[in-house]
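Which chain is which? The protein sequence lines are Y and Z, in order. End of the first sequence sits at 310 in my numbering; the numbers just go up one at a time, nothing left out. End of the second sequence sits at 310 in my numbering; the numbers just go up one at a time, nothing left out.
No lab work stands behind these hints: they were computed from the structure. Nothing here was measured: the structure is a model prediction, and the numbers come from that model. Be a bit skeptical, because a hint or two may be false.
Stated by the list, open to error - Listed below are several chain Z residues computed to face chain Y (Cβ distance under 10 Å; list not exhaustive):
no.	residue
1	E123
2	P167
3	H201
4	F211
5	K217
6	R225
All C-beta atoms, glycine included, are put in the ideal place defined by N, C-alpha and C.
The chain contents come next:
Number of protein chains: 2
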Amino acid sequence: MKRIPCKVFAPATVSNIGVGYDILGFPIYGLGDEVSINKGKTKGLVLKGVRGNPSIPNDIMKNTAGFAAYKVLEKLNLTEEPIELVLFKNMPTGTGMGSSASSAVAGAFAVNEYLNCPLSKKEVLDCATQAEVIADGSFHADNTAPSLYGGFVLIRDNPSLDVIKLPTILGLQALILYPHIQILTKDSRAILKEEVSLTDHVTQSGNLGGFIASLYKSDLNLLGRSLQDVIIEPQRAHLIPHFEEVKSIAMNEGALGFSISGAGPSMFALCANTSIAESIKEKAAKLYKKSKIELTGYISSINREGAIRY
Amino acid sequence: MKRIPCKVFAPATVSNIGVGYDILGFPIYGLGDEVSINKGKTKGLVLKGVRGNPSIPNDIMKNTAGFAAYKVLEKLNLTEEPIELVLFKNMPTGTGMGSSASSAVAGAFAVNEYLNCPLSKKEVLDCATQAEVIADGSFHADNTAPSLYGGFVLIRDNPSLDVIKLPTILGLQALILYPHIQILTKDSRAILKEEVSLTDHVTQSGNLGGFIASLYKSDLNLLGRSLQDVIIEPQRAHLIPHFEEVKSIAMNEGALGFSISGAGPSMFALCANTSIAESIKEKAAKLYKKSKIELTGYISSINREGAIRY
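Generate the whole structure from the sequences, applying the supplied hints.
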């Protein structure tokens, strides 16, 4: 079949969502990485360039987009296929918005699209998630799966990539606040205690169950009662300047819930409408301005499509 | 309004369901306790008798049916109302099938029915769950809520009784196997470690999420993949003779999942149809016969109604 050059977009994601450490995530609209694929002039996959971020390694095997793309070719025994890949690195790194996953999904998805989709979505997910290992050392799909599939995604089991698409509540808005400080996922993981009290496990399980049920029931009230992380947030909040103050602002303005996005430093709120999200964003901006930390805010409904080809 | 004597039934329940320690439960048909209410001859609530089990204390405040019934009257400022209560204690105690909860729900539900339902279902649940405290020292609704409400029930939060009814999959069958040995809930709780590893917490959370999603999706395959308890079952299984062997039998016969019912010693399987449940029951009976432990098996679809008035 004819190969047509293509360009794809893979969205930024909020993983963990407070109550689903390593097992929940959702993507947003308007922020994410892109990959374009063209026919190459020589055998094999070539990383033709990385646009937008000079700090990303221009080496196919050290860059999650290139690595994931290569894994697709390897699975298909097509590593000699002449392909040129360009990564448009639109997202800042180390933000807690799934930057490495966004590149990985874009890379794997783009090559599969270029080859007219010989791999299933789950196989593409596998390739993208393998690339996450080079980014932070662990095979976890809580950013790659929502970036690829769209919507709220539950990863029942990471090793076997048992991924379940959950429903989205119409109108639900996400606000992401990204303070421009850097936290590396591996450092943010390292501070977590290896043990959880049984009491906290029970509380968090109830909240996770309530959160998932709220999506199926379209019950914003239940979603709000459930969005309370008693395990991870208390351990990581101190890594993020002003976390407790911003959380207070968000809850006072009417957010349904507020917690850390991924490994941080980004934070997210889920809100019933955009005006609540806007007013939290505005007040948070004032707060960070005082302490001279740059803050970027993103407001979006839950991205339902995931990765797309233009 | 006229008070009409009544009799009610509150079903036996499977709590925990493997992946939802303290937060999940479902009731069955055909087994449970009953309470009848008649107008009394003297002021106040009188426990007129306990039928079927001479070991149950014939004292209104030491018996979960009487205590829960009293809590209803107390909430309504009607403790002087002349009421005679008879408890039909059909269920054996210390079985892991929610025996104390069944009595408690029957007591609270019956008095509320007799008084023409002045209390909401949640208030009745509160009274019944307070009675659980006299049975095993903790305020937990994972037996009382399913016995009262019917269907799969999630208790998002025990202290505030935030209870969510989950859907049931049509045709799903429960098998309960009750080996006639006694384990007290408080002993079974005492052996549990106070800590859970973060890894196990993540695994169990994925399974809990998958289990809840499977009910909404009517996905038996997902239900089966999700019904794997990595936290409680490994700690309690040794309390139940032949647990691992019966579990092997159940899984080989095609059960979707198999674990401990409540605090044990009862075990439960969820099955796609009755013939699978029947064949597990038969093979388990043979196994226990060899070691001269009596075994009773109950097969039922998920009870959707919960407590009922005749």
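**OP:** Just pull the numbers of the violated hints for me, sorted ascending.
**Re:** Checked against the structure, the only hint that fails is number 1, while the rest are satisfied.
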